[in-house]
Amino acid sequence: GNSVTQMEGPVTLSEEAFLTINCTYTATGYPSLFWYVQYPGEGLQLLLKATKADDKGSNKGFEATYRKETTSFHLEKGSVQVSDSAVYFCALSRTGGSYIPTFGRGTSLIVHP
Amino acid sequence: DAGITQSPRYKITETGRQVTLMCHQTWSHSYMFWYRQDLGHGLRLIYYSAAADITDKGEVPDGYVVSRSKTENFPLTLESATRSQTSVYFCASSDATGSTEAFFGQGTRLTVV
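As given, the protein sequences belong to chains A and B, one line each in that order.
Going by our numbering, 1559 is the number at position 99 of the first sequence; the sequence numbering is gapless.
Going by our numbering, 61 is the number at position 57 of the second sequence; the sequence numbering is gapless.
For reference, chain B alone in the conformation it holds in the complex:
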């Protein structure tokens, strides 16, 4: 299916565990983004990527790692999950041409217990 997909949709993990959230897009968009959404904070950018093998920190990168070996995939890893990382995570993609609108995945609701 065309679009941007995230997996899993829901995840419960324990404090200290490593967890990876997956993101896949089918448009070959150059840019990909990871956001977290928390009440009272809106959307906060964690990491972004301008192209394969090019990643950079956003507003709240601590405790997260990303990679982008292929244009279509942009996984987000929590190296040692903490309760403060309980959130809804959204992946998005956009192109650097045209109006550059962002396309969002359905989100992953992560709970760290």
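In isolation and in its complexed conformation, chain A is listed as follows:
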């Protein structure tokens, strides 16, 4: 079946540090890939997405590239801010005729001033 593996957290960084959160997936066919963010007390919201190999999704300074050869979709940001503190979920969907999203376990990011 489909699965998403992302690095365990929490990830603790100082403001302006570089961020990488690793995500790898197993799926049939060619899924769409997503990163969602969840701020405290809120639901998940889409951060960025990529629908085919080599696509790069970007939003709010975050980027992730769809790497089919390594089945990865790592999230990066060059300079994090305190306001980026949240839980980040990698996910896939639209694969093998299924439209049910498959989520990773989530990675908590804590950014200190």
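Simulated from the structure, these hints should not be mistaken for lab results.
Using N, Cα and C, we set each Cβ at its ideal position, and we do this for glycine too.
Watch out, some of these pointers could steer you wrong.
Here are some chain B residues pointing at chain A (derived, C-beta under 7 Å) [unchecked claim]: (1) G46; (2) L47; (3) G109; (4) Q110.
Listed next, with one range per pair, are the computed distances between beta-carbon atoms [what the hints assert, rightly or not]: (5) T19(B) <-> F1478(A): 42 to 52 Å; (6) T24(B) <-> E1502(A): 19 to 29 Å; (7) V1542(A) <-> L43(B): 20 to 30 Å.
With the hints as your guide, set chain B onto chain A.
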């Protein structure tokens, strides 16, 4: 207002009582989902629906019932609440076209005492 809304936001109920969590979306998305979020478990799919009158079990369906008589509504009922059902519940919707990203409600924090 456009979007996906859940009600109530917070609920405390007693063991053995029946409780229904409501979910309403305004986009006419075909797919709707119920997840529970617990520390250490990430998001777990309870039930999903591909269209009105079509529902199916997810990863953790025991003790829950769903219905979908109208495209826009997808209520989740706990028939006889147990303490292990204390959790944060999220409803989500998505379409089967385009990138199929999921849109989440704000969540319902349910406490069973």
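Results for each hint:
About 4 Å separates the beta-carbon of G46(B) from the nearest beta-carbon of chain A, less than 7 Å, and the hint is met. Against a cut-off of 7 Å between C-beta atoms, the interface hint on L47(B) holds, since the closest Cβ of chain A lies about 5 Å away. Restraint check, G109(B) versus chain A: the minimum CB separation of about 5 Å is within 7 Å; hint holds. The closest approach between the C-beta of Q110(B) and any C-beta of chain A is roughly 5 Å, which is under the 7 Å cut-off, so the hint is satisfied.
Between T19(B) and F1478(A) the Cβ separation comes to about 48 Å, which falls inside the hinted range of 42 to 52 Å. Separated by about 22 Å at the C-beta atoms, T24(B) and E1502(A) satisfy the suggested range of 19 to 29 Å. At roughly 23 Å, the beta carbons of V1542(A) and L43(B) sit within the given window of 20 to 30 Å.
Checked against the numbered hints above, the structure violates none of them.
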